[in-house]
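A.B. asks: Spelled out from the first residue to the last, the chains are:
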Amino acid sequence: MEVGTVLDEKVFFLDRALLKAYADASGDQNPIHQNEEFAVSVGLPNVIAHGMLTMALVGKYISDFAGGSAHVLEFSSRFIKPVIVPVGEKVDLTVSATVAEIADGKVSLSLSATSAGIKVLGMAKAVVRQ
Amino acid sequence: MLNPDSVGSTFAGTESITVSQSDIDAFCAVVGETDTSIAPPTFTIRITLSQFEEILTRPAVGLDWSRLVHGDQKFDIFIPVKAGDQLTCAATIESYRVAAGNEIVSVRSDLHKGTELAVSAWSTLVVRA
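First to last, the sequence lines map onto chains A and B.
Quick note: the first sequence uses numbering that gives the first Met the number 0, first residue 0, plus one each step.
Quick note: the second sequence uses numbering that gives the first Met the number 0, first residue 0, plus one each step.
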């Protein structure tokens, strides 16, 4: 592994059941993540995934690379587009990463996350213990 | 509108929170994590966001939580979180501005385990115009 190494892509799938499970696990019961009628009423195209669910799934990708959650030191991201989750569908979250820096026993990753080909996280970065 | 006088203020959480194994298990199940001995990296958001909501919607601060969207998020993890950890929280309103009618507030949460800082989390929250 060296700076510039591209890590294997992983695809997660999101559906309404996963959004409900995340709402219960996180305590974030905002109806825009569960109720289509409500989501549309506030100007959204459909139910959208919690940004933090997207980040949690990318967090799993990082933990897998790091050899466990205990080795993840930093993780940051901007939420630039919602992941839209229509009823009855499984939508993709496609995650990949590039090694940005290796120093002092730490590896920095520059992460990419897209859904339906659209970039959903911006400036996503993580630092893990090597 | 957020009360500008609250910017720079730090608010202590009301009580310490004990992390339960069942909470970690539920979070791990969502992301497909099989090692439930350590909380996943973003697990503490469940503590942080509810604390931000409690603090930012106090009458003295005055943020409208119903029109909130999450702009960005950062975690610095100093001590991995495990079941049984007792965490105390403090939240600081670091900055606030209004752009094109949207309120943009940056808040930091510090979770301490005893006297040690376990996790710092920064959130940018946007109240849409």
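Everything labelled a hint here was simulated from the structure, so no lab data went into it.
Glycine included, every Cβ here is placed at the ideal spot set by N, Cα and C.
Be a bit skeptical, because a hint or two may be false.
[Stated by the list, open to error] Anything over 12 angstroms on all C-beta distances counts as not near chain A; from chain B, calculated:
#1 L1
#2 T17
#3 A28
#4 R45
#5 E52
#6 V68
#7 P79
#8 L86
#9 E93
#10 A99
#11 E115
#12 S119
[Claimed, not checked] Listed below are the simulated DSS-like cross-link pairs for lysine-lysine, each with C-alpha atoms no more than 30 angstroms apart in a straight line:
#13 A:K118 with B:K73
#14 A:K80 with B:K112
#15 B:K112 with B:K73
#16 A:K19 with A:K89
#17 A:K19 with A:K105
#18 A:K124 with B:K81
A.B. asks: So which hints don't hold here, by number, going up?
C.D. replies: 3, 4, 5, 6, 7, 12, 14 and 17
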